[in-house]
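Asker: Order-wise, the sequence lines are chains C and X. Take 1 as the starting number for the first sequence in our numbering and just add one per residue. Take 115 as the starting number for the second sequence in our numbering and just add one per residue.
No lab work stands behind these hints: they were computed from the structure. Just so you know, even glycine gets a beta-carbon here, dropped at the ideal spot from N, CA and C. The reader is advised that the hints may include incorrect statements.
[What the hints assert, rightly or not] Think about it this way: if two alpha-carbon atoms lie no more than 30 angstroms apart in a straight line, the pair counts; the simulated DSSO-like pairs of lysine-lysine are:
{"id": "1", "chain 1": "X", "residue 1": "LYS184", "chain 2": "X", "residue 2": "LYS169"}
{"id": "2", "chain 1": "X", "residue 1": "LYS169", "chain 2": "X", "residue 2": "LYS187"}
{"id": "3", "chain 1": "X", "residue 1": "LYS169", "chain 2": "X", "residue 2": "LYS192"}
{"id": "4", "chain 1": "C", "residue 1": "LYS57", "chain 2": "C", "residue 2": "LYS1"}
{"id": "5", "chain 1": "C", "residue 1": "LYS57", "chain 2": "C", "residue 2": "LYS13"}
{"id": "6", "chain 1": "C", "residue 1": "LYS57", "chain 2": "X", "residue 2": "LYS184"}
{"id": "7", "chain 1": "C", "residue 1": "LYS1", "chain 2": "X", "residue 2": "LYS184"}
{"id": "8", "chain 1": "C", "residue 1": "LYS57", "chain 2": "X", "residue 2": "LYS169"}
[What the hints assert, rightly or not] To give an idea of the interface, some chain C residues facing chain X are shown, with a C-beta separation under 7 angstroms as derived from the structure:
{"id": "9", "residue": "SER31"}
{"id": "10", "residue": "GLY40"}
{"id": "11", "residue": "GLY42"}
{"id": "12", "residue": "PHE45"}
{"id": "13", "residue": "GLU48"}
{"id": "14", "residue": "ASN56"}
{"id": "15", "residue": "PRO102"}
{"id": "16", "residue": "PHE105"}
{"id": "17", "residue": "ASN107"}
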Amino acid sequence: KAGVTQTPRYLIKTRGQQVTLSCSPISGHRSVSWYQQTPGQGLQFLFEYFSETQRNKGNFPGRFSGRQFSNSRSEMNVSTLELGDSALYLCASSLADRAHSPLHFGNGTRLTVT
Amino acid sequence: AQTVTQSQPEMSVQEAETVTLSCTYDTSENNYYLFWYKQPPSRQMILVIRQEAYKQQNATENRFSVNFQKAAKSFSLKISDSQLGDTAMYFCAASPNDYKLSFGAGTTVTVRA
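So here's chain X without its partners, still in its complex pose:
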């Protein structure tokens, strides 16, 4: 079983600046996957970035990058050059496979113009 903790309920950032969302997790699995999903007001969950735990290299996806610290069980998301369209709820998730995800409580990110 996995548990995921997001300790920041809300974050606010000025447009074009950088914001970092924190996430810690606990798992008994030897191999697992970590995800960040974005949920805008449209309600659709959109995959932002995905990390396989056995890979040392931090995943990046355009303006989104992660800092994966396996020993510390930490998986933070950095959004660079924030845009108004980044305003959404962001969920961190962990899974031993790709379909049974355990989600954190979410962080609401507001990008200010």
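With the rest of the complex left out, here is chain C:
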């Protein structure tokens, strides 16, 4: 079974631009979560989607948004990029069909904002 796939692996953008990151979950997984990882702030929860609905959101500004499609694939968008948005963005999926379904992470997208 293929794992969680994130594309692209690396991105370089300029301040003020916007960016879209993509995540394909493991087949059959209906929940997709996004995390931001930086050396200063560590790993922080961005948001989680289940059946195309955002169920939970972390403490990030509105510039960070996401969506989930009917095939469970998810995209994350960051508008008006700032230098501080440089980070590794991790996507994770889970079955979410019972009380506890562990997260399976992808390899992440490394975003550099210059």
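Given the coordinates of chain C, assemble chain X onto it according to the supplied hints.
Answerer: Chain X alone, transformed into the frame defined by chain C:
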């Protein structure tokens, strides 16, 4: 909300020996889950072990085991018979469910040959 503290930024261990990583947490939830994740240089976060707070028995997974002290809000990870492939960053995490995890700052573990 949960907060997770890992007080050891780095640990070094000789191959085949044992190392213990510490983790403390704080939560207002009655039921919650605790995790240890491993992140090797490949960047992929890999679940090492998972503990449900209402279960008294400590979780084990092959060479990995935890010491869960609920009253002390402590959740340490023991790696036995360390192998070179265990070299990675290890993150402790807590969550009221399975998708909104609060992570600690991480502990870099280096296994020496």
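Asker: So, for every hint listed, does it hold in this structure?
Answerer: Hint check:
no. : hint                  : result
1   : X:LYS184 <-> X:LYS169 : holds (10 angstroms)
2   : X:LYS169 <-> X:LYS187 : holds (14 angstroms)
3   : X:LYS169 <-> X:LYS192 : holds (18 angstroms)
4   : C:LYS57 <-> C:LYS1    : holds (29 angstroms)
5   : C:LYS57 <-> C:LYS13   : holds (25 angstroms)
6   : C:LYS57 <-> X:LYS184  : holds (28 angstroms)
7   : C:LYS1 <-> X:LYS184   : violated (36 angstroms)
8   : C:LYS57 <-> X:LYS169  : holds (28 angstroms)
9   : SER31                 : holds (6 angstroms)
10  : GLY40                 : violated (10 angstroms)
11  : GLY42                 : holds (5 angstroms)
12  : PHE45                 : holds (5 angstroms)
13  : GLU48                 : holds (5 angstroms)
14  : ASN56                 : holds (5 angstroms)
15  : PRO102                : holds (5 angstroms)
16  : PHE105                : holds (4 angstroms)
17  : ASN107                : holds (5 angstroms)
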